[in-house]
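Number of protein chains: 2
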Amino acid sequence: MSAPDPRLSINQATIKYADLETALRVTADAGVQSIGLWREPVHEVGLDTATRMLADSGLRFSSHCRGGFFTLPAGAEREEALADNRRAIDETAALAAAGAEGSTAVLVLVAGGLQPGSRDLIGARERVRDAIGELAPYAQSAGVTLAIEPLHPMFASDRCVVTTLGQALDIAADFDAAVVGAAVDTFHIWWDPQVLEQIARAGREGRIATYQVCDWQTPLPADVLLSRYYMGDGVIDFGSLTQAVVATGYDRDIEVEIFNADIWADDPATVVARTAASFTATVSPHLA
Amino acid sequence: MSAPDPRLSINQATIKYADLETALRVTADAGVQSIGLWREPVHEVGLDTATRMLADSGLRFSSHCRGGFFTLPAGAEREEALADNRRAIDETAALAAAGAEGSTAVLVLVAGGLQPGSRDLIGARERVRDAIGELAPYAQSAGVTLAIEPLHPMFASDRCVVTTLGQALDIAADFDAAVVGAAVDTFHIWWDPQVLEQIARAGREGRIATYQVCDWQTPLPADVLLSRYYMGDGVIDFGSLTQAVVATGYDRDIEVEIFNADIWADDPATVVARTAASFTATVSPHLA
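Taken in order, these protein sequences are the chains called A and B. Following UniProt numbering, the numbering of the first sequence begins with 1 at its first residue and continues without gaps. Following UniProt numbering, the numbering of the second sequence begins with 1 at its first residue and continues without gaps.
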C-alpha cells in the first residue's frame with residue numbers, strides 16, 4: 001500500500017472509541033502525519049500529558065473539537081459555556097504548540113440548537129454572534145482561530161443554528177480573519193446551491209480555518225448524526241469541492257471526520273488505513 | 001369548536017389512507033373550504049369521476065401533487081416522465097376547473113434526486129431546468145402554474161436536488177411567473193438563513209404558487225420523510241414566515257401537508273379537526 005497523503009489528518013472522532021494513546025499510535029503507525037483531537041479524550045489524560053503524548057507522536061495537530069453551544073440565554077449557564085470555551089481555546093493553543101511543525105491552532109465551534117421550547121431561530125443566531133464577540137479577544141491573544149462550523153440543516157433545531165457556509169461567513173465578517181473563520185466540511189454543505197461560490201468567498205476573505213471531508217449516503221440511518229461514510233461510498237463530488245478549496249490557496253491539512261456506528265465498531269488501525277485509502281482515491285487527485 | 005380558517009386547505013397527504021371520497025367528505029364536513037389532491041387517489045377513481053366528486057363536494061381545489069422527477073438523463077425514461085408530467089398538468093387544469101370559485105391550477109413539482117451512481121449534482125440541477133423548459137409551454141396553454149418545491153437538504157441526494165427557495169426562484173426566473181413559480185413550504189425551508197428575504201423576493205417576482213405549512217421536530221424519526229407535525233408541535237415560527245408571505249400580498253389558500261405515521265394511523269375526521277385547530281392557533285393570527 002502506498003503512503004497516506006501527506007495532507008491527510010485523522011480526526012479522532014473517526015476512531016471514536018480509541019483513547020488518546022491508541023489514536024496517536026495508530027495514526028502515526030499508518031504513516032499519517034496529522035491528527036485532529038477531541039476534548040474528552042484529552043481531558044481523560046489531562047492537558048499536560050496530552051501535549052507530551054502529542055509531541056512524542058511526531059504528528060501535526062490540525063484542530064481541536066469542539067467549542068460552541070452558544071445559544072443559551074444570558075445567565076449562569078451561558079457564562080459557564082463561555083468559560084468552558086476559554087478553556088478549549090487554551091487547550092487548542094497548547095496542543096498546537098506541542099504538535100509537529102505545520103500544526104494549526106484551530107478550535108471548531110458548533111453553535112448549538114434552539115433552547116427547549118424556543119422557536120426564536122433569529123434570536124439564537126444573534127446569541128451565537130454575541131458569544132463569538134465575547135470570545136474573539138481571548139482567542140486572539142491565545143493565537144487561536146475559531147472555526148464556525150455550519151452543520152447540515154437537518155441539525156438546525158437541535159445542534160446548530162448555523163446551517164450554511166454563507167451564514168458562517170456573515171457571522172465571521174465582524175471579526176479579524178485570523179481569529180474567526182469557518183469550517184468547510186463536505187458532509188454539511190455539499191447540497192448547498194451556493195457552495196462553490198461560498199468556498200471561493202471564504203478563500204477571498206481568508207476564512208477557511210479547516211477543510212474536512214467525509215461522504216453522504218441515503219437512506220439515512222435511524223440516528224442521522226451517524227450518517228457519514230468513507231469518501232467514495234456516497235454521493236459527494238470531492239472533485240469540485242476540493243478543487244474549489246485548493247483554488248483559494250488553502251494548503252494546510254485536510255481532516256477526515258466520520259461519525260458512523262459500523263466504522264466506530266471496527267478496529268482503529270483498519271479504519272485509519274481505509275480512511276487513508278479513501279482519501280488517496282477521492283481527494284488527493286484534486287490537490288495541487 | 002369555531003369554524004376552520006376560510007383559507008385553510010387540507011392537503012390529501014395529511015390523511016394519506018383516506019380514499020378520494022372520504023377525503024372530500026371529511027374535509028367538507030369539518031367546514032374546511034379547500035383541498036389539495038394527490039394523483040394516485042385521483043387515478044383510483046379516474047379523472048372524470050374525480051372532477052365530478054370534487055365539484056359535488058363544493059370545495060376549492062388548491063393544488064395537485066405531484067409532478068417532477070426530472071433528473072433522468074436523456075432517453076426513453078425521461079420522455080415518459082415528461083409525458084406523465086403533461087398528464088399531471090391536464091389533471092390539474094381539469095380539477096381546478098371543477099373546484100369551487102377561488103380554486104387554483106397549481107401543480108407541485110418535486111425535482112428528483114441524483115441518479116443511481118451519479119455524483120453530478122450540478123448536472124442534475126441543469127436537467128431540472130431543461131425539463132421545466134420543455135413543460136412550460138404545455139402548462140401555459142393549459143393555464144397551469146408549475147410550483148417548483150425546494151425540499152429540505154436532507155433529501156438532496158435521493159428526492160430533490162432543489163434545496164432552497166432561492167434556488168427554486170433562480171430556476172423559475174427563466175420563465176413567465178404565471179407559468180413557473182415556487183412552493184413555499186415551512187417544513188422544507190424554515191432553517192434557511194435567507195428564508196425571509198427569499199420569501200420577499202418570491203413575492204416581488206410573483207412566484208409564490210402555493211404556501212404550505214407543517215412543523216419540524218427532533219429527534220427525527222427513523223424514516224425522515226415522516227418527520228412532519230401539526231403546527232405548534234415543533235419549533236417552526238409560523239409567525240415570521242406567515243407574516244413574510246402575507247406581506248407579499250399572497251391571499252390564496254394555505255395548505256397543510258403532514259407526512260407522519262401516527263397521524264396517518266389516526267381517524268381522518270379527527271386529523272382534519274386537529275389540523276384546523278392547529279392552523280387557527282398558529283397561522284390564522286398572522287393572516288391579514
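By construction, these hints were calculated from the structure, which means they are not laboratory data. Treat the hints with care, since some could be wrong.
As the list claims (entries may be wrong) - Beta-carbon label-pair distances, calculated as ranges: (1) Glu205(B) to Gly249(A): 34 to 40 Å; (2) Ser118(A) to Ala74(B): 46 to 52 Å; (3) Glu77(B) to Leu47(A): 54 to 60 Å; (4) Glu205(A) to Ala281(B): 42 to 48 Å; (5) Glu101(A) to Gly123(B): 40 to 46 Å; (6) Leu226(B) to Pro6(A): 52 to 58 Å; (7) Leu226(B) to Ser118(A): 23 to 29 Å; (8) Leu226(B) to Asp266(A): 26 to 32 Å; (9) Gly31(B) to Gly232(A): 34 to 40 Å.
To be verified - Straight line, CA to CA, 25 Å or less: simulated SDA-like cross-link-like pairs of lysine to any residue: (10) Lys16(B) to Trp264(B); (11) Lys16(B) to Ala222(A); (12) Lys16(B) to Ser240(B); (13) Lys16(A) to Pro221(A); (14) Lys16(A) to Ala98(B); (15) Lys16(A) to Gly75(A); (16) Lys16(A) to Ala222(B); (17) Lys16(A) to Asp262(A); (18) Lys16(B) to Pro219(A); (19) Lys16(A) to Val45(A).
Quick reminder that beta carbons are idealized off the backbone N, C-alpha and C, glycines included.
Outcome of the hint check:
1. Taking 34 to 40 Å as the suggested C-beta distance range, the pair Glu205(B) and Gly249(A) conforms, at roughly 37 Å.
2. The hinted range of 46 to 52 Å is satisfied by Ser118(A) and Ala74(B), whose Cβ atoms lie roughly 48 Å apart.
3. The beta-carbon spacing between Glu77(B) and Leu47(A), approximately 59 Å, falls within the hinted interval of 54 to 60 Å.
4. Remark: the range hint 42 to 48 Å for Glu205(A) to Ala281(B) is upheld by a beta-carbon distance near 44 Å.
5. Taking 40 to 46 Å as the suggested C-beta distance range, the pair Glu101(A) and Gly123(B) conforms, at roughly 42 Å.
6. For the hinted restraint 52 to 58 Å between Leu226(B) and Pro6(A), the CB-CB distance of approximately 45 Å leaves it violated.
7. For Leu226(B) and Ser118(A), the hinted distance range of 23 to 29 Å is satisfied, since their beta carbons lie about 24 Å from each other.
8. In this structure the supplied range 26 to 32 Å holds for Leu226(B) paired with Asp266(A), their Cβ-Cβ distance being about 31 Å.
9. The hinted range of 34 to 40 Å is not satisfied by Gly31(B) and Gly232(A), whose Cβ atoms lie roughly 55 Å apart.
10. Of the supplied pair hints, the one linking Lys16(B) and Trp264(B) holds, its CA atoms being roughly 6 Å apart against a limit of 25 Å.
11. Between the alpha carbons of Lys16(B) and Ala222(A) the distance comes to roughly 23 Å, so the proposed pair stays at or under 25 Å and holds.
12. Restraint check for Lys16(B) and Ser240(B): not satisfied, since their Cα atoms lie roughly 29 Å apart, outside the 25 Å limit.
13. With a C-alpha separation of about 18 Å, the suggested pairing of Lys16(A) with Pro221(A) holds against the 25 Å cut-off.
14. Taking the CA atoms of Lys16(A) and Ala98(B), the gap is about 60 Å. The hint is violated against a cut of 25 Å.
15. Straight-line distance between C-alpha atoms of Lys16(A) and Gly75(A) comes to about 33 Å, which puts the hinted pair past the 25 Å bound.
16. Between the alpha carbons of Lys16(A) and Ala222(B) the distance comes to roughly 23 Å, so the proposed pair stays at or under 25 Å and holds.
17. Among the hinted pairs, Lys16(A) with Asp262(A) is consistent with the structure: their alpha-carbon atoms are about 11 Å apart, no more than 25 Å.
18. Among the hinted pairs, Lys16(B) with Pro219(A) is consistent with the structure: their alpha-carbon atoms are about 22 Å apart, no more than 25 Å.
19. Using a Cα cut-off of 25 Å, the hinted pair Lys16(A) and Val45(A) holds, with the two alpha carbons roughly 16 Å apart.
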